[in-house]
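Going letter by letter, the sequence shown gives residues 9 to 217 in the working numbering.
Quick caveat, the hints were computed from the structure, so don't treat them as lab data. What you are looking at is a predicted structure, and each value in this text was computed from that prediction instead of being measured. The beta carbon of each residue, even a glycine, is placed where N, CA and C say it ideally should be. Watch out, some of these pointers could steer you wrong.
No farther apart than 35 Å at their CA atoms in a straight line, the calculated lysine-lysine pairs in the DSBU-like style are these [stated by the list, open to error]: (1) 35 with 23; (2) 73 with 199; (3) 158 with 79; (4) 161 with 176; (5) 104 with 157; (6) 125 with 157; (7) 125 with 104; (8) 199 with 125; (9) 23 with 217; (10) 23 with 73; (11) 79 with 176; (12) 79 with 199; (13) 104 with 156; (14) 217 with 157; (15) 104 with 73; (16) 217 with 125.
The following label-pair restraints were derived from C-beta to C-beta distances [what the hints assert, rightly or not]: (17) 26 with 173: 21 to 27 Å; (18) 181 with 214: 26 to 32 Å; (19) 26 with 132: 20 to 26 Å; (20) 198 with 11: 28 to 34 Å; (21) 56 with 158: 38 to 44 Å; (22) 159 with 100: 41 to 47 Å; (23) 11 with 111: 24 to 30 Å; (24) 197 with 51: 36 to 42 Å; (25) 74 with 25: 34 to 40 Å.
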Amino acid sequence: MSVVEIVDHPLIQHKISLLRDRNTGTKEFRDLVSEVAMLLCYEATRDLPTEEVEVETPIALARTKVLAGRKLALVPILRAGLGMVDGMLSMIPAAKVGHIGLYRNEGTLEPVEYYCKLPNDIAEREVIVLDPMLATGGSAIDAITTIKKKGAKHIKFIGLLAAPEGMKALHEAHPDVDIYVGALDERLNDKGYIVPGLGDAGDRIFGTK
């Protein structure tokens with residue numbers, strides 16, 4: 009059974025409120041995206057396996073736990089997903105990073121793939137797909153479809169905000185994929201943007217219009 013979770017931790021909700029504010033500047037916005045990604049990573053990796061080891065402390069021998077060696081890969085959807093990578097890597101620095109480039113056809117709102125570079129051993133890794141905004145769900149669905157074609161079997165999605173339409177579409181298209189987002193918003197508008205949302209995440213991360 010896959011997980012679909014709105015992570016309602018107070019720190020995440022506070023930081024998302026700051027992200028929504030149109031007066032939040034580029035540097036602060038970028039820092040907040042990274043921080044929220046780090047907090048979401050904490051929740052999404054709760055099921056990582058551990059193994060017991062012996063560690064000699066300054067006082068005595070301790071039997072304690074470390075990660076059991078499961079290999080991870082982060083795959084941000086370009087370009088906005090890049091803003092989440094540093095926060096994730098601060099928590100799981102050994103993860104490899106792939107990239108998938110998609111842009112949205114303004115007429116059809118459908119995603120068009122223009123770039124894909126994944127770790128050679130992607131099929132052996134647990135993959136975490138990153139995209140701040142789960143709007144129509146089209147980009148996430150296509151990215152995960154591509155990753156599955158490369159052989160990956162264990163995939164999670166992490167986003168900052170989701171629209172109900174995108175959440176439903178992703179879950180229906182890939183019911184085996186765990187989904188973690190920081191907030192579920194009201195709806196999409198006629199241009200495919202999340203309402204109330206936070207604007208265009210890529211533009212706000214990179215200071216472009």
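Status of the hints after comparison with the structure:
no.	hint	in the structure
1	35 with 23	14 Å, holds
2	73 with 199	48 Å, violated
3	158 with 79	16 Å, holds
4	161 with 176	21 Å, holds
5	104 with 157	18 Å, holds
6	125 with 157	13 Å, holds
7	125 with 104	11 Å, holds
8	199 with 125	29 Å, holds
9	23 with 217	23 Å, holds
10	23 with 73	31 Å, holds
11	79 with 176	29 Å, holds
12	79 with 199	38 Å, violated
13	104 with 156	17 Å, holds
14	217 with 157	34 Å, holds
15	104 with 73	23 Å, holds
16	217 with 125	26 Å, holds
17	26 with 173: 21 to 27 Å	25 Å, holds
18	181 with 214: 26 to 32 Å	28 Å, holds
19	26 with 132: 20 to 26 Å	38 Å, violated
20	198 with 11: 28 to 34 Å	31 Å, holds
21	56 with 158: 38 to 44 Å	22 Å, violated
22	159 with 100: 41 to 47 Å	21 Å, violated
23	11 with 111: 24 to 30 Å	29 Å, holds
24	197 with 51: 36 to 42 Å	29 Å, violated
25	74 with 25: 34 to 40 Å	36 Å, holds
Figure legend: structure checked against the earlier numbered hints; hints not met, in rising order: 2, 12, 19, 21, 22, 24.
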